[in-house]
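Enquirer: Residues per chain, in single letters:
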Amino acid sequence: MPIFSHSDYLAILLSVRVAVVATLLSLPFGFAVAYLMTYKRFRGRIALDVIVNLPLTLPPVVVGYLLLLLLGQNGLVGKWLLQPLGIRLIFTWKAAVIATAVVGFPLMVRSIRTGMEAIDERLIQASRTLGAGWFDTILTVILPLSIRGLIAGSILMFARGLGEFGATIIVAGNIPGVTQTIPLAIYEYVSSPRGDVLAVSLCLVSITISVLVLLFHEWLGGRMVRAD
Amino acid sequence: MNGLVGAWSGRINVDLKVKIKKQLGAFSLDADFTVQGNKVGVFGPSGGGKSTLVSLIAGLRHPDRGFIILDGETLFNSDRGLHIPPEHRRIGMVFQRPHLFPHLSVKGNLLYGYKRCEGKNRKITLDSVVDVMQIGHLLDRGVRHLSGGEKQRIAIGRTVLSNPRLLLMDEPLSAVDDNLKFQIISYLKDTCEFFGIPYLFISHALLEMRVMTNHVLTIADGHVTGQTTAEDLAICGMKDADGYANILRLEAPQYMNGISAYQWGDQRLLISGHSPLAETFFELMSTDITLFKRHPGVTSARNLLKATVAAIFNTGSRIGVGLKCGSERLVAEITKEAADELEIREGEEIYAAMKAVAFRRLM
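Chains as they are written, first to last, in our numbering: chain A, 2 to 229; chain B, -18 to 344.
Derived by calculation from the structure, the hints in this document are not laboratory data. Note that the structure is predicted; figures quoted are calculated from it, not measured. Treat the hints loosely; a few may be bogus.
Stated by the list, open to error - In silico DSS-like links for lysine-lysine, alpha-carbon gap of 30 Å or less:
hint, chain 1, residue 1, chain 2, residue 2
1, B, K0, A, K41
2, B, K317, B, K20
3, A, K41, B, K96
4, B, K2, A, K41
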């Protein structure tokens, strides 16, 4: 096992940090969107469905470029919202978080929706006739009963986030120690001479993290079954 | 009941005025009725609109037009754009299945509605419901591994504890095993009587109607077609059926030599077999009652009751005879020839014999 350089360690930490922050940031929005899609019939529902799922079908590079256009100096959000507030996103680790969140969001919404659709509608009716308002019902019935979907969605999104490459490299760049995550570091090693050993080592790190995360998911799922 | 004191004996009758229309695909519900009572049945064939009506009254669905007024309070009025959400109606529901919250314990389920009930309306408490329902030993358990009967009892307890002013029971027995049905009926009826909660009982089963209700709305093809009683429905049904089933609710048997003795009003009935329950429903077919003009002396039939003829009516191929046995009533059925030979008249005294095996236990 070769000794990693300081920036390699930073890349590993950054990968985990970006994936965790993107996942946590997406959870409330993912839950809200899944709720709307599962329980509400409204105008523009299909449009919302398409927009949410678009990153799943678009090449990540396209998503990254669209984000760059939107959040950059001359972009709609960049110019009118971020600049006046003094926030600079592009080519920072926060941009990597946003890219990861957008690309992984459809996976999270799908998982939560699957969980919510499995909830018996009569349970919701029961809670309403027992005196719980709609928000109360969301907190005390729908949320606890879709917890498996939330966990599955988070794990999926975290795993997807670790591997995010295309969108990240466009909005965050590939700056060692600042925005370089594991996939970006591997890309750099692969394209440089004598970088093969380090590239393979980082691949092993990536595989290890993914396996650990999936094992954690299985363990959590098993625990929840026995807790009944 | 178990020496419980201080039970709530408030206003019992409900006053419900409904005039609503609702279109659901090809089916349309157009209900217009006013009903007062405490044990009201909604009877009709499947697909006639019973469940739709219930969900509209509970507020789980919006009617297209019309109004719903409960005890003088308007719950829905399309002209005024008024729709009180279900959580503010104080109408409890017992569904076909228990639908307990799987993530909560038995106690958590029971208290779900109670916690959300305003303090001034909290008349029924956890302790009293646990006592009536006999579920004290289950409180700390999860709900997944309970038996069907336990689950339905907890579901009833949960609804009762939300202290509703009206209880809607939407075919609560249709998903219960036959051998539990009458046990659940006892719980439902006793609980509502004990706590003074009026209810609307929805079913397509006449037998359940007769046990649970004293006033019935009939509904078919999306319309309320009339108001009657379950007994009248049963008597009307005699023409098509093989007879009329007398339903007897008997308690505290004395068991001896394969025969149980029950007190029925001021009479004593001897019935074959032994029921483990303190209280049992029996069915006695009208055609299993033999009538005698005078006391027949010794007979093999274990039950011989002195009765008064209260009514005589034609049931098509046979003659129905309404009997008054002390404070209780029975309906017997005999052939036209037998009626002629007996020369029965209303108000006359007569003897009715039933074998001990003629009573069928409704489990």
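Enquirer: K0 of chain B and K41 of chain A were given as a pair; does the straight-line alpha-carbon distance stay at or below 30 Å?
Expert: With Cα atoms ~28 Å apart, K0 of chain B and K41 of chain A stay inside 30 Å; holds.
Enquirer: Hey, K41 of chain A versus K96 of chain B, does the alpha-carbon distance stay inside 30 Å?
Expert: Satisfied, since the Cα-Cα distance of roughly 27 Å is no more than 30 Å.
Enquirer: Between K317 of chain B and K20 of chain B, does the CA-CA distance stay at or below 30 Å?
Expert: With a Cα-Cα distance of about 36 Å, the restraint between K317 of chain B and K20 of chain B is violated, given a limit of 30 Å.
Enquirer: Just to be careful, I want the Cα atoms of K2 of chain B and K41 of chain A compared with a cutoff of 30 Å; is the pair within it?
Expert: holds, 23 Å
Of the numbered hints stated above, the single one contradicted by the structure is hint 2.
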